[in-house]
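All chains, full assembly: derive it from the sequences and hints.
Here the protein sequences come in this chain order: Y and V.
If you count the first sequence from 1, position 58 lands on 57 in numbering that gives the first Met the number 0, and the numbers rise without skipping.
If you count the second sequence from 1, position 219 lands on 218 in numbering that gives the first Met the number 0, and the numbers rise without skipping.
Bear in mind the hints are in silico, worked out from the structure with no lab data behind them.
There could be a bad hint or two in this list.
Just so you know, same-sequence chains aren't split out, so a pair can sit in one copy or run between any two.
[As the list claims (entries may be wrong)] Result set (DSS-like, lysine-lysine): computed pairs, CA atoms no more than 27 Å apart in a straight line:
| id | residue 1 | residue 2 |
| --- | --- | --- |
| 1 | Lys183 | Lys107 |
| 2 | Lys107 | Lys177 |
| 3 | Lys216 | Lys18 |
2 protein chains.
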Amino acid sequence: MPQTETRIKVQGFAAMDSKAPLAPFSFERRAVQEKDVLIDILYCGVCHSDIHQARDEWGGGVFPMVPGHEIVGRVLETGSQVTRYKAGDLVGVGCLVDSCRVCDSCGKGLEQYCQQGFSATYNGFEQDKTTPTYGGYSDKIVVTEDFVLKIPENLEPAAVAPLLCAGITTYSPLRHWKVGKGQKVGIIGLGGLGHMGVKLAHAFGAYTVVITSSPGKKDAALRLGADEIIVSRNAEELEAHAESFDFLLNTVSAAYDPTLYVNLLKQDGTMVVVGVPDAPIGLDLFPLIARRRNIAGSLIGGIPETQEMLDFCGAKGITADVEIIPIQKINEAYERMIRGDVRYRFVIDLKSLSVKGD
Amino acid sequence: MPQTETRIKVQGFAAMDSKAPLAPFSFERRAVQEKDVLIDILYCGVCHSDIHQARDEWGGGVFPMVPGHEIVGRVLETGSQVTRYKAGDLVGVGCLVDSCRVCDSCGKGLEQYCQQGFSATYNGFEQDKTTPTYGGYSDKIVVTEDFVLKIPENLEPAAVAPLLCAGITTYSPLRHWKVGKGQKVGIIGLGGLGHMGVKLAHAFGAYTVVITSSPGKKDAALRLGADEIIVSRNAEELEAHAESFDFLLNTVSAAYDPTLYVNLLKQDGTMVVVGVPDAPIGLDLFPLIARRRNIAGSLIGGIPETQEMLDFCGAKGITADVEIIPIQKINEAYERMIRGDVRYRFVIDLKSLSVKGD
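Here is the structure:
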């Protein structure tokens with residue numbers, strides 16, 4: 000493969016500051032280095048965290064910001080030392096594009112917990128801690144081979160994109176806490192993360208219950224693979240399931256009273272949170288103590304586990320439920336997401352970038 | 000052994016209601032049944048929960064209330080079916096005097112998590128859910144053999160008493176979460192529970208750090224077996240230990256910001272809480288997610304593990320640091336405990352009950 004010696008010209012959409020809607024933005028990416036893969040982006044999922052970051056709701060935003068960390072594309076070109084990919088391969092990039100690679104966490108393939116800080120795919124910096132990263136709302140990306148994932152060719156590429164964040168964020172805790180057959184598992188919230196949690200918990204053989212504030216989501220939950228639904232506004236429904244769950248995956252990022260859910264756990268049960276409400280939650284410790292229950296957090300997943308998840312989804316035919324949009328609809332999509340009006344993930348078709356260079 | 004056919008007359012101290020100081024109280028216990036052990040109480044530790052319950056600060060108090068669940072005594076008499084104890088044996092009774100014995104938790108020897116509710120040693124009911132229980136601020140107690148513990152004869156009986164609650168409450172989580180050599184463990188708070196946590200974590204071979212708001216406790220902490228002390232009011236001391244702890248045992252029951260402590264944990268580290276503040280604590284979920292950290296609760300310990308703890312303490316020569324008082328000083332002792340003026344546990348010498356019937 001010839002190695003590109005010049006920087007890569009890229010078209011995309013960016014927020015120029017936290018108040019601006021996303022708009023067309025031209026920029027450059029680094030020339031393809033020995034270990035780099037140049038990817039022609041086909042699809043990019045729209046994560047709720049894209050909105051928080053584009054609007055700088057978490058602070059510290061790096062602008063101009065090109066969001067997007069659920070990237071699927073085809074390899075255009077590879078550096079001279081790249082061994083695992085060749086032009087034409089279907090590949091993915093998730094939330095991480097690099098990490099220190101030497102700390103304990105990186106050594107265990109848990110780059111998301113890199114003690115030096117991983118390089119986020121956008122709104123972050125390369126490992127030089129200086130060069131900003133730009134995400135997948137764009138037509139091309141250059142990523143070091145070790146952070147590129149292989150995508151099973153049997154899956155629909157647009158519907159694979161959300162697996163790179165929503166998929167791994169739910170897969171990783173379900174695997175780490177060994178969810179499977181003979182267990183009763185609750186997925187709290189049925190959005191982008193929750194709908195993947197339901198599909199995966201069901202695929203792992205668990206008795207899967209959706210816990211949602213919306214009674215109207217029952218049919219959708221059952222169709223996704225849930226065995227049952229609990230409407231969390233109904234105290235008697237919660238009470239009927241008290242002390243019966245082995246594991247809860249909480250995807251809610253609105254404020255909530257955790258005791259409602261903790262009381263659903265058996266002795267030694269665990270609730271893992273993957274959503275972050277804006278403010279601390281009020282945690283009553285007594286229900287934890289009374290049954291030796293656990294609350295834990297989990298962040299996306301490492302590169303080896305992300306590949307394992309993609310292979311698992313390939314083998315089982317699992318993808319996200321998506322609505323494909325042209326990038327020109329991104330600001331409207333954000334408004335619909337805030338209203339909860341998406342089943343369950345928007346995915347941008349990057350062909351809609353008119354000046355796309357292929 | 001002859002079986003007592005009449006009810007047992009007992010002298011003790013009770014709170015007649017939530018406002019009353021503790022005062023002399025005569026009552027009866029059940030006649031010794033086939034599986035029962037009649038114990039002549041020598042010493043009873045004074046737990047902080049005794050104050051909360053005697054003053055009905057947790058609600059639902061059963062009055063008159065005879066507190067006390069850190070009981071050490073000698074067997075006076077045994078029922079005809081008792082096989083493990085005989086008159087003269089040194090024995091203990093902790094926080095539990097019975098449980099359903101058939102649920103999953105009881106089947107695993109985790110009677111403290113009995114799904115039907117265990118019988119608390121006082122301020123509770125026997126398994127008939129009707130007969131009130133009376134605790135160890137008294138000269139005799141009748142307990143079914145299966146909830147009586149054997150006390151190592153080599154230990155000082157008065158200093159053993161607090162092991163029955165403060166000891167097992169700290170031993171159980173340290174064992175369950177497999178604390179030991181090569182680990183850095185923090186004990187948060189240096190009171191009755193905390194001082195036992197330090198002794199036990201040190202005995203398990205962990206590098207043991209006391210985390211306290213009181214700089215004046217340094218010498219005491221080191222003497223108890225701590226390797227180091229962190230003063231939690233000093234942000235820079237906390238910062239210097241960020242992400243370095245495998246495990247934290249939090250014994251604090253005053254209000255606190257859990258993030259101060261959570262940030263001390265390594266990836267996959269766990270903070271176990273055994274104290275219950277009066278109100279929910281404000282928990283920021285992001286520090287849990289960022290390093291897959293855990294918060295869990297733990298309640299005392301089951302009967303088999305309590306015996307294991309006593310045997311371990313016997314083998315290692317571990318007891319509590321106590322101040323022995325006559326029962327007539329109990330109200331004064333409560334006031335001193337509220338001020339934190341005890342190193343580290345009051346223990347009542349029941350010989351001080353003038354009309355003791357032996």
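Status of the hints after comparison with the structure:
1. Lys183 - Lys107: Cα proximity of Lys183 and Lys107: across copies only (20 Å, versus 29 Å in one copy).
2. Lys107 - Lys177: both (18 Å within a copy, 21 Å between copies)
3. Lys216 - Lys18: neither (33 Å within a copy, 52 Å between copies)
Checked against the numbered hints given earlier, the structure breaks only hint 3 and satisfies all the rest.
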